[in-house]
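A.B. asks: Below, each chain spelled out in residue letters.
Protein chains: 2
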Amino acid sequence: MTKPAIKLAAPDLQHLTGDIFVAAGMPEAAAAKVAEVLVWANLRGADSHGVQRIPRYVELIDDGAMNPRPAMRVAFETPAASLIEADRAAGPVAMSFATTEAVRKARGSGIGLALVRQTTHTAAQGYYTAMAARDGMAALSGSCSSPNMIYYGARAAGVSTSPLSIAVPGAARDPLVLDMATGVVAMGKIVHARRTGQRLEPGWAVDAEGKPTTDPARAALPLPLGGPKGSGLSLMIECIASLITANPLLADTFEGKPEGEKHRQNAFLIAIDIARFCDLDLFQDNVRRLVAGLKSLPRQPDVDEVLMPGERGSRMLARRSRDGIPIPAATWSELGRVARRFGLSMPTNADGSWTAQ
Amino acid sequence: MTKPAIKLAAPDLQHLTGDIFVAAGMPEAAAAKVAEVLVWANLRGADSHGVQRIPRYVELIDDGAMNPRPAMRVAFETPAASLIEADRAAGPVAMSFATTEAVRKARGSGIGLALVRQTTHTAAQGYYTAMAARDGMAALSGSCSSPNMIYYGARAAGVSTSPLSIAVPGAARDPLVLDMATGVVAMGKIVHARRTGQRLEPGWAVDAEGKPTTDPARAALPLPLGGPKGSGLSLMIECIASLITANPLLADTFEGKPEGEKHRQNAFLIAIDIARFCDLDLFQDNVRRLVAGLKSLPRQPDVDEVLMPGERGSRMLARRSRDGIPIPAATWSELGRVARRFGLSMPTNADGSWTAQ
Numbered sequence: 002m003t004k005p006a007i008k009l010a011a012p013d014l015q016h017l018t019g020d021i022f023v024a025a026g027m028p029e030a031a032a033a034k035v036a037e038v039l040v041w042a043n044l045r046g047a048d049s050h051g052v053q054r055i056p057r058y059v060e061l062i063d064d065g066a067m068n069p070r071p072a073m074r075v076a077f078e079t080p081a082a083s084l085i086e087a088d089r090a091a092g093p094v095a096m097s098f099a100t101t102e103a104v105r106k107a108r109g110s111g112i113g114l115a116l117v118r119q120t121t122h123t124a125a126q127g128y129y130t131a132m133a134a135r136d137g138m139a140a141l142s143g144s145c146s147s148p149n150m151i152y153y154g155a156r157a158a159g160v161s162t163s164p165l166s167i168a169v170p171g172a173a174r175d176p177l178v179l180d181m182a183t184g185v186v187a188m189g190k191i192v193h194a195r196r197t198g199q200r201l202e203p204g205w206a207v208d209a210e211g212k213p214t215t216d217p218a219r220a221a222l223p224l225p226l227g228g229p230k231g232s233g234l235s236l237m238i239e240c241i242a243s244l245i246t247a248n249p250l251l252a253d254t255f256e257g258k259p260e261g262e263k264h265r266q267n268a269f270l271i272a273i274d275i276a277r278f279c280d281l282d283l284f285q286d287n288v289r290r291l292v293a294g295l296k297s298l299p300r301q302p303d304v305d306e307v308l309m310p311g312e313r314g315s316r317m318l319a320r321r322s323r324d325g326i327p328i329p330a331a332t333w334s335e336l337g338r339v340a341r342r343f344g345l346s347m348p349t350n351a352d353g354s355w356t357a358q
Numbered sequence: 002m003t004k005p006a007i008k009l010a011a012p013d014l015q016h017l018t019g020d021i022f023v024a025a026g027m028p029e030a031a032a033a034k035v036a037e038v039l040v041w042a043n044l045r046g047a048d049s050h051g052v053q054r055i056p057r058y059v060e061l062i063d064d065g066a067m068n069p070r071p072a073m074r075v076a077f078e079t080p081a082a083s084l085i086e087a088d089r090a091a092g093p094v095a096m097s098f099a100t101t102e103a104v105r106k107a108r109g110s111g112i113g114l115a116l117v118r119q120t121t122h123t124a125a126q127g128y129y130t131a132m133a134a135r136d137g138m139a140a141l142s143g144s145c146s147s148p149n150m151i152y153y154g155a156r157a158a159g160v161s162t163s164p165l166s167i168a169v170p171g172a173a174r175d176p177l178v179l180d181m182a183t184g185v186v187a188m189g190k191i192v193h194a195r196r197t198g199q200r201l202e203p204g205w206a207v208d209a210e211g212k213p214t215t216d217p218a219r220a221a222l223p224l225p226l227g228g229p230k231g232s233g234l235s236l237m238i239e240c241i242a243s244l245i246t247a248n249p250l251l252a253d254t255f256e257g258k259p260e261g262e263k264h265r266q267n268a269f270l271i272a273i274d275i276a277r278f279c280d281l282d283l284f285q286d287n288v289r290r291l292v293a294g295l296k297s298l299p300r301q302p303d304v305d306e307v308l309m310p311g312e313r314g315s316r317m318l319a320r321r322s323r324d325g326i327p328i329p330a331a332t333w334s335e336l337g338r339v340a341r342r343f344g345l346s347m348p349t350n351a352d353g354s355w356t357a358q
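Heads up: the sequence lines are chains A and B, in that order.
Residue 7 in my numbering is what sits at position 6 of the first sequence, and the numbering runs on without skipping anything.
Residue 286 in my numbering is what sits at position 285 of the second sequence, and the numbering runs on without skipping anything.
With the rest of the complex left out, here is chain A (with noise of 0.2 angstroms):
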């Protein structure tokens, strides 16, 4: 038996966020990104990649893998490209940051790329592209952290889940955002499912032998998209995040090193400036037009609408920030564990029926 999940208001889980983040020694603008990132995907529906892992990121804080306060710093740039050193700061804080650089490239070149170096857990990279995407760009993200998935061919961890984040301006208001990992799920949705009791999907996931399993407890690494094509995409983003950066994740794993044991990630992001290539609100005409023809398509008979990328998140988003954020009891309890241990109190339900203990 789960627990029944509660539900809060977007605003008061991002207070809470921002709060543990500032008594983990985060500044305030930076706690707040973070939260406002965690949030996001939770606001989306993509609860692997919310709340549930602020108890690991203070982990992370505690054993040194994530600076609360880095020395961030552009190590390196060109008129259109910029080597991030991110100093293990928090993934959201990494990326936006590197968002921010890109997007400031690509309006002066036409096309901008930010190398993210030695970050940490990047959240939900389709935030990062999203943002690219209001301000008008076509962007492209990746990242890759330590193997925790199945190389095509081999039986233990060769490569990362590493997702792979593409967007652009939509005909509205939401860009349109594909948010893909590179396994046939992301690892945060096995662990999402250990939590909640639900059971794998066959093909999935193997377990520490290599063998497949549907079952979430034993299930130890996802299975690659596609075989060679998802465990290749994620080896060519370690290429482009991690070797160009001169900052190997997998090599130094497979060897033994001592880095190779802690936590750290490596991303890029590259911004398109649709505008100098071609008129925006006619690019965006043409996405209305790509959009209708789409839907106008005949359906699978158990498909009741045909839905772009990250359509779903958008409609889940405008409902979670009217009726709230279900947490389920069992990630609302280790929230309650790590507001204890900084002082502070957990928010009451947006409906007032729980309360934190």
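To be clear, the hints were calculated from the coordinates, so they are not data collected in a lab.
Just so you know, not all the hints are guaranteed correct.
Any copy, or any two copies together, can satisfy a pair, since identical chains are not distinguished.
[Said to hold, decoys possible] With a Cα cut of at most 27 angstroms, we get these calculated DSSO-like pairs of lysine-lysine:
(1) K258 x K296
(2) K212 x K296
(3) K296 x K263
Please read all numbers here as calculations on a predicted model, not as lab measurements.
Based on the hints, put chain B in the right spot on chain A.
C.D. replies: Just chain B, lined up with the frame of chain A:
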């Protein structure tokens, strides 16, 4: 019963291909480039993207969709980006030019973008990213065409099997080259299966009514890789390659516009000049460490060796460069028809055992 394949030396096949395209109206250099790219695909074992395309390319020239003497030009440029108006050039001609442009821009700016408007079938996408990787670049390229793949949730063609390719310099001579369709398989693979009579794997394709089939003769459309991920990737490639260049392919088809019935493609290629950000020797040494680590992982029971993206193709290229390229009898006889039309003689088989009729 399918007739046995004949075998041809690569230079002979390249020579024949070049002669055909010169006879079809291309300048020598353009014809040689098309021949090089098609035969490269055959050498690497990607026969679906090799010389079996020749009859279709000639047909495209006949009906005016492919321009053998295009007025290709850079329509707009910044220090980091070029928008190329390809004027219906053969894909290999436009894409090779675009790659040179993107690499040149990357040398100056760290990153370079080439957008390619109104080209035709781009052939093996990996050729261009590998070309850039040999120049020390990390390269990322995608292209799109009229709808020929299921969009997730729909029963009809909504997107194309848009290839996505990423390449980086390898540890030694050969780059790592990921070249994947956003479909479970490329349309060319289904066409190739029709030609050789082999059955499709379940989950590859649907028939004209949108129902699953393994019969290559009934297969009408491939399914997207990983459902919404593959069709989402393809959609985003259309947004970047076609909508930023203001040359929408999918929407024109949906709306029944005359342009929507014509064969045309758009593409993009992004190059990152690695040496601007880190020492290229260090990068390549880190690739060596990464590859060594992956190859040392424990393997699945039925797997002899863990392979890198493009490695199978590189080995096939070495073997076929030495032993010749096998051409299915059906393809050979179609090539013979094209050659005869232009009054060209077909080359003798590499080992003398077969002669063109």
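A.B. asks: With 27 angstroms as the alpha-carbon cut-off, assign the pair K212 and K296 to within, between, both or neither.
C.D. replies: between (40 angstroms within a copy, 19 angstroms between copies)
A.B. asks: Check K258 against K296 for me: Cα-Cα at most 27 angstroms, and say if that holds within a copy, between copies, both or neither.
C.D. replies: Answer is between: at 18 angstroms across copies they meet the 27 angstroms cutoff, but 51 angstroms inside does not.
A.B. asks: Measure nothing new, just compare the shortest in-copy and cross-copy C-alpha distances for K296 and K263 to 27 angstroms and report within, between, both or neither.
C.D. replies: between (45 angstroms within a copy, 23 angstroms between copies)
The structure meets every hint from the earlier list without exception.
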